[in-house]
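Based on the hints, put chain U in the right spot on chain L.
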Amino acid sequence: MDGGSNILFQQNYPSGLGFWGINFGQSLSNVTPNILFGILLIMGVLMGGVTIVLYYHWLRYGFGEKMVIFAQVLYTIVLVLAFIVMISSAAHYA
Amino acid sequence: MHNLPLEPGEKVLVIYHKHWIVYFIDASILFVLLILPRLAYIWLINNNGMSFKINQDLTVFLYMAWFTLLWGYFFIVWTNIYLDAWIVTDKRIIDIEQVSLFHRSVSDFRIEKIQNITVKEQGLLANIFGYGSIKVETAGEQVDLSFNYLPHPYKVRDTISECHDKCMNHLGNSGISSPAHNIITEH
Numbered sequence: 001m002d003g004g005s006n007i008l009f010q011q012n013y014p015s016g017l018g019f020w021g022i023n024f025g026q027s028l029s030n031v032t033p034n035i036l037f038g039i040l041l042i043m044g045v046l047m048g049g050v051t052i053v054l055y056y057h058w059l060r061y062g063f064g065e066k067m068v069i070f071a072q073v074l075y076t077i078v079l080v081l082a083f084i085v086m087i088s089s090a091a092h093y094a
Numbered sequence: 001m002h003n004l005p006l007e008p009g010e011k012v013l014v015i016y017h018k019h020w021i022v023y024f025i026d027a028s029i030l031f032v033l034l035i036l037p038r039l040a041y042i043w044l045i046n047n048n049g050m051s052f053k054i055n056q057d058l059t060v061f062l063y064m065a066w067f068t069l070l071w072g073y074f075f076i077v078w079t080n081i082y083l084d085a086w087i088v089t090d091k092r093i094i095d096i097e098q099v100s101l102f103h104r105s106v107s108d109f110r111i112e113k114i115q116n117i118t119v120k121e122q123g124l125l126a127n128i129f130g131y132g133s134i135k136v137e138t139a140g141e142q143v144d145l146s147f148n149y150l151p152h153p154y155k156v157r158d159t160i161s162e163c164h165d166k167c168m169n170h171l172g173n174s175g176i177s178s179p180a181h182n183i184i185t186e187h
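The listed protein sequences correspond, in order, to chains L and U. Under our numbering, the residue at position 27 of the first sequence is numbered 27, and the numbers go up by one with no gaps. Under our numbering, the residue at position 60 of the second sequence is numbered 60, and the numbers go up by one with no gaps.
Be careful, since some hints might not be right.
[Stated by the list, open to error] Listed next, the in silico DSS-like pairs over lysine-lysine satisfying Cα-Cα at most 25 Å (straight line): (1) U:K18 <-> U:K120; (2) L:K66 <-> U:K155; (3) U:K11 <-> U:K135; (4) U:K91 <-> U:K18; (5) U:K18 <-> L:K66; (6) U:K135 <-> U:K155; (7) U:K91 <-> U:K166; (8) U:K135 <-> U:K120; (9) L:K66 <-> U:K11.
Don't read these hints as lab results, they were simulated from the structure.
Only chain L is shown next, with the shape it has when bound in the complex (with noise of 0.2 Å):
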């Protein structure tokens, strides 16, 4: 009789995705330090082609300009505190 009324109100929680069938929350546990410090080189190789591609604009075409220079300073500010922040909890996770 227990046994039964357990079974009737036991509750199902699906793991992840359950209508896409992906089962996102076991995918996430499966990342390894070694793919954050991968992810972390491709976001600094790629984040370092669109930094040298955006100097390269605004020195050429908008330098001295006063908006061009706070949205230099801007832009670099957030860039290296963001990834100081990705290094760092790479480094904790590992």
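Below, chain U without anything else, positioned relative to chain L:
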């Protein structure tokens, strides 16, 4: 500034950039994309009963990676918009169009060739925030310049008209004969 090859003695009178609403629209879209992972997480927990927990360091890392990508993309878009400019000098109007990061076109024509200036403020937002489009047509040539999302387009039209009048007076006082004057203005 803008790496422009100006003629000797040519003075830049004013530089126009696009209205701030263009940046605001792009920033709003990127802001929605920024908070999208958080919204998706809340929605999945409330509607799908997801019970997994993500490591906090991993969450911070992934979110910062997402933020960094959007941050870079925002500045690419900002640069594309900001480097679009209309420069009015005492001799020419220069239209710089930054289509994409590696696609830039610069066109100009002389102020004395202006025949018609059309200003349009279309839509509720354009009337509230005071932006619009301006189109400058030339005499005798099929070259028209237009600029969208221009702040205070009527003031811009007045400035260009004033420059045009000064230029025409200067031509009129320079001793050029009437037929020659017409040739200059039409070609």
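Status of the hints after comparison with the structure:
| no. | hint | result |
| --- | --- | --- |
| 1 | U:K18 <-> U:K120 | 15 Å, holds |
| 2 | L:K66 <-> U:K155 | 23 Å, holds |
| 3 | U:K11 <-> U:K135 | 22 Å, holds |
| 4 | U:K91 <-> U:K18 | 22 Å, holds |
| 5 | U:K18 <-> L:K66 | 16 Å, holds |
| 6 | U:K135 <-> U:K155 | 14 Å, holds |
| 7 | U:K91 <-> U:K166 | 10 Å, holds |
| 8 | U:K135 <-> U:K120 | 9 Å, holds |
| 9 | L:K66 <-> U:K11 | 20 Å, holds |
Every hint from the earlier list agrees with this structure, and none is contradicted.
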